[in-house]
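Participant: What follows is the residue order along each chain.
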Amino acid sequence: MRHGFREPWIVVFWFLAPALAGLALFRLVPILIALVGGFTGTKLTGETIWVGLRNYERLLDDPSFWNSVRVTLLFNLVVNPLQILLALGLALLVFRPTPLVPFFRAAYMAPMTVSLSLTSILWAILLEPTMGPVNGLLRAMGLPPQPFWRGEDQALATLVGVASWKGVGYWMVFLLAGLLLVPKELHEAAMIDGAGAWQRFCYVTLPLMRRPLGFVLVADTAANFLLFAPVYLVTQGGPNGATALLMFEAYQAAFTYLDHGRALAVSTVILLVIGLLAFFELRLLRERGA
Amino acid sequence: MIPHACIRFGLAVMRYSALVFVATVLLLPIYWLVLASFRPAADIFATAGTVSVATFLPERLTFEHWREAWSGELPRAVANSLFVALTTVALGVTVNSLAGFAFAVFEFPGKRLLFVLVLATFMMPFESIVIPLYVLVRGLGLTDTYAALILPEVASGLVIFLFRQFFAAVPKELYEAARVDGASWLQIWWRLTLPLSGPTIATASLMLFVHQWDAFFWPLVAAPGPERIVVQVAIARNVTLEVANWGGLFASASTAILLALVPFLLLQRFYLHTIASAAER
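Quick mapping for you: the protein sequence lines, in order, are chains A and B. If you read the first sequence in my numbering, its first letter stands for residue 17, the second for the next number, and so on. If you read the second sequence in my numbering, its first letter stands for residue 152, the second for the next number, and so on.
Looking at chain A on its own, in the form it has when it is part of the complex (with noise of 0.2 Å):
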C-alpha cells in the first residue's frame, strides 16, 4: 500500500463511519450474538436463561446433526472444485474474441439473473420424475427417467448440479478477467521457445491466475457452503437427510422447533468452520505467493 495524506482523525473517521458502522453493527454483533445466545436456552414461560454447554453437548449426541456436517462437508468438497474447473474451462473457451463470442460470453451470464430461489424452483419443475421435461427428454432417447430429487442417492448430486448451472457462468467472469490480464508477449515468447499449448497453460497462464483463482476459490465456497433455497424449497433436507445441509439444520431449529438456544449453537459452529476454512484458503494463497 502506497503512502497517503495524512488527515486529522476526524475526516478519516467521516469517511470511515457510514460503512464500518453498519459492518460492524449487522456482521460482528450477529458473531457476538451466536457466540452468546448459544449458552442460552428458553424456558416454556419464555425466558431466556442461562444452560452453559447443554445445547452443544446435545448437538454434539444428534445424528442428525452429524448428517448434516457430514452432508454440508462432502457438498463442499464436490461442488467447489467442480465448479472452478467448470469455470476455467468456460473462461478458456470464449477468451479468444473470434466471431460470435461476445454472444456466448453474454449467454453464459444469463443464469446469474435468475434468483437461487427461481432457480431452485425452475429445476424443481424440470427435473420432476413424471411430467418433468428433463425425464421426457431422456425417454426420448430411449434412457430410463431418474427421480433425481426424489431419489436418496441422487439428490446432492442433483443439487452439485443445480448450484453449478447457476454458479458457472458467474465465476467465468472472474477468471475469464484474470486470463485476459495475462500478457501476451509471455505466450509469444514461451511459443518461440517450442512450448506446446498445454506447456503454455500449465506454466505461463496458470501461474499467473493464482490470484484470480484464489479469489473465485474463496468467493465459491463463502457461497455455496450455506446454501439455504433449493433444501428449503425443494427438498427439505430429505430424502432421508440426504440433503440436509447444515444451514436448514439451522433454519428448522430456529423457526420449525423455536429453539434459539440451539439455532444459535449451530450457528457459532457454522461460523467456526468458515473461521476456519478462511484461515486456511488466506495461507493456501499466501504459500503460492499470491
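Hints in this document: simulated from the structure, not taken from any laboratory. Keep in mind that a hint or two might mislead.
[As the list claims (entries may be wrong)] The calculated lysine to aspartate or glutamate pairs, modelled on EDC-like cross-linking and capped at a C-alpha distance of 16 Å, are:
#1 262(B) x 23(A)
#2 59(A) x 275(A)
#3 323(B) x 23(A)
#4 323(B) x 258(B)
With chain A's structure known, arrange chain B on it following the hints.
Facilitator: Just chain B, lined up with the frame of chain A:
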C-alpha cells in the same frame, strides 16, 4: 499428412460445438420457463413429459397467466423489491465509496488491520449470520420493516474493496492539486473522483441490486408479513400452496427474471472491465 489448415478448422468446429452445447444447457431451461408462461395451462406439462417439437415451439399462446399474476400480490412484491434494491444501491454506493476513498487516499493508524477485517466480512457468507441477525433485528423491533430489509445489506466488504482499488489508481498529484485549490476532501470525493469512477459505480450497483433482487432467505425470516413481501418470497409462496397454479408461477417467475435482465444488460459491459482492473492491482 493432414494440412495445418485442416487441423485448425477441426479445432474451430470442436470449439464452436462446445460453445453451442454449453449455451444450450444454460439458456434452454430459461427459454422453456418463459415460454411456459405464455402457454395454455393444459399445454404446459402435456408437452413436457413426452418431448417433441411442440415442447420448444408452442402451437397456442395466451396472456392469461400474465394477466392473472399481475392482478394478484405480484405488483406489490415487485414494488417492494424495487424500492429495497434501489435504496440499497443508492446508500451502498455512497457509503462504500466513502470508505473505499478513505482506504485508498488517507494514511492512518490501524489501516491495514481495518482493511483486512473489511475483506474478511466478504469471506463470511451472509447466510451464516441470518439467525443471530434475526435475533438482533427482532430485538430492535424492526421485523417487517423496510429498514430490516435494506440496512443489513448496505455496507459491503467487496464493494469497499472495488472502490479502494479504483481510487488508489488515481494519480496522487490530482488530489494534491485539488487540495492546493482549496477543495475539501468531501468535495474531492464528490466532484473529482466519483465522476471518474463510472464503471466501478456500475459494477457496484449491479452487485448490490442483484443481491437485493435475488434475496430470499433474509426477507423470508425478517419480513414474513404480506405488507413487506418481496418478489422471491412471493413467488416461492405460490409453489408451497397445495394446488399449485403453474401458469401463474411461470408468469411471475418470468417477471422476476426479465426485470433482473434489464440492469444486467445495461451494466454487464462494465462488469468484466471493472473486475479485471480491480484484480490488476
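Participant: Run every hint past the structure and note whether it holds.
Facilitator: Against the structure, the hints:
Restraint check: the Cα-Cα separation between residue 262(B) and residue 23(A) comes to about 13 Å, which is no more than 16 Å; the hinted pair holds. Restraint check: the Cα-Cα separation between residue 59(A) and residue 275(A) comes to about 10 Å, which is no more than 16 Å; the hinted pair holds. For a cut-off of 16 Å, the pair hint linking residue 323(B) to residue 23(A) stands: about 15 Å separates their Cα positions. As the CA atoms of residue 323(B) and residue 258(B) are separated by approximately 13 Å, the hinted pair is consistent with the 16 Å bound.
The structure agrees with every numbered hint stated previously.
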